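Q: What follows is each chain in one-letter form.
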Amino acid sequence: MAYFDAASAEPMTDVARQVLLAALDDGWADPARLHAEGRRAALMLDSARERMAALLGCRADEISFTASGTQAAHLAVLGAVEARRSATRGPGHLVVTAVEHSSILNAAAHAERSGSLLTIVPVGPDGRVDADAFTGAVTRDRTVLACLQSANHEVGTVQPVAKLAAECQAASVPLLVDAAASTGRMPAPPGWSLLVASAHKWGGPPGVGVLAVRKRVRWRSPLPADGREAGRVPGFVNLPAIVSAVAALEAFDAQREPADAALRALTAQIRRRLPATVPDCVLYGDPDLRLPHIVAFSCLYIEGEALVTELDKAGFSVSSGSSCASETEQPSHVLAAMGAVTHGNVRVSLPRDISPEAVDSFLAALGPIVSALRRGGR
Amino acid sequence: MPASEPALRIDALGRKCPMPIIMLARQIGQVPIGAVVEVLADDPAAKSDVPAWCRLKSHQFISTTPLQVGWAFLLQRSY
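Taken in sequence, the protein lines are chains A and B. Under numbering that gives the first Met the number 0, the first residue of the first sequence is numbered 0, with each subsequent residue one higher. Under numbering that gives the first Met the number 0, the first residue of the second sequence is numbered 0, with each subsequent residue one higher.
Note that these hints are calculated values from the structure, not bench results. Model, not experiment: these values are computed from the prediction. For glycine and all other residues, C-beta sits at the position ideal for the given N, C-alpha and C. Hints are not guaranteed to be accurate.
Partial selection, computed: residues in chain B whose CB lies under 8 Å from chain A [as the list claims (entries may be wrong)]: (1) 6; (2) 13; (3) 16; (4) 17; (5) 21; (6) 22; (7) 55; (8) 70.
Which residues of chain B face chain A? A partial, calculated answer using Cβ under 7 Å [to be verified]: (9) 5; (10) 41; (11) 43; (12) 51.
Here chain B stands alone, though its shape is the one from the complex:
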């Protein structure tokens, strides 16, 4: 996996669920198909909801990286 910058970083730190998912759903269309999106979130529900939403919507979930507070999620727009 090349360590390139994501095409879009969605900063949802401090936002209560489901805001991180709403932001992701609204903004993923802004990047080209195949582009990588990074979501930053610290709501406890985000840890399961970001990968779950990707699975549900058939986007490629890549990784979860813990931050000092919260996580950085990487995913790829699939269509």
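Chain A extracted, bound-state conformation:
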């Protein structure tokens, strides 16, 4: 089996597993308590927080751990909106791009239903945000939050965060950067006011996300009061998983450059060989300014779900942005926003340490599978 869906979940690394198992022995107690077991747990949590802060380039007291990247995204958006809610100054204005992760878009829609105004900024055919339109949107009156991902999770295109962060700063608008797709693969982009990340994307355990809020940024919990995580994230923290997640990111980040080189070469090879392998196939995403491990393409005239299923039977695990492959029966909003063909879509996202032979086998298998599906009328 060749697992090519690292963007959904990077296989848990040995470091993550070993640290998780070790941390289970000492990390089960309540870090809020004053007794010996509690203090030991508190030390583990404090240390994890310090180390995460160092990895993201911020202060420890700016870091909260959540139960997932999605939860971090919801809290980031709704907390920023809540802090700027005004009875007298009218609804706040939110800016997002059309290709944000659904957790950001869903939180924005939720805020809109509660009275916020929402601007969804369009993107170009490669998924890069229209920078002028984004700048125009954030300079509107009462803009309380702008959201821009570091890089796109479906097609890999890197967004111009540094440039647009400067625009947000000039307009005094806080910028939320969803860094889930890029943490551990690219340096954290400069200029964020809030940042979210997700441990299972870097080979950490499931059940850990990160919400980072810079000290000067106004944020108020949209949820009932709770003392945990500086009042940002309610509920007992999953300390063993947090410790594992941090260790996993340290190791993942330490290998960033060689991993980037290796993965980029393999995805570049897929991009280069695809047109000859599969006629009537379209590649998506910027060919150069992209994450190293992701390649998305659409094979015309076949169903995405059928293609994923046949590839699965052949031993290759991929995901798809096609509507038939989605629980919601809707095509990927990212592909639709790019004006891309959504049917027959495949996202290949290579895990680290994937062998070049696996990629060769995939390319050898893909052509005949697509041909057979086209002949068979699916």
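Dock chain B against the given chain A, drawing on the hints supplied.
A: Only chain B this time, still in chain A's reference frame:
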């Protein structure tokens, strides 16, 4: 834009994607270059895929009109 009848109407209502696109790709060659084709489809993916296919294949996409169920897409064969 003169309100004339399209040269070809492709009824793909009730057909699951990618059938509307397959039908369009197969039948567009039947009309003269410059002729207008209308595609009727209600699969959610058709809304982005019909214009996307036209852009990809360099045919002129004209318009999307919502129907009670689905949409009517107008496009022009360019070559």
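Q: Compare the structure with each hint and give your call.
A: So, going through the hints one by one against the coordinates:
no.	hint	verdict
1	6	violated (23 Å)
2	13	violated (15 Å)
3	16	holds (5 Å)
4	17	holds (4 Å)
5	21	holds (5 Å)
6	22	violated (10 Å)
7	55	holds (6 Å)
8	70	violated (14 Å)
9	5	violated (22 Å)
10	41	violated (12 Å)
11	43	holds (5 Å)
12	51	holds (5 Å)
Going through the hint list in order, the structure does not satisfy hints 1, 2, 6, 8, 9 and 10.
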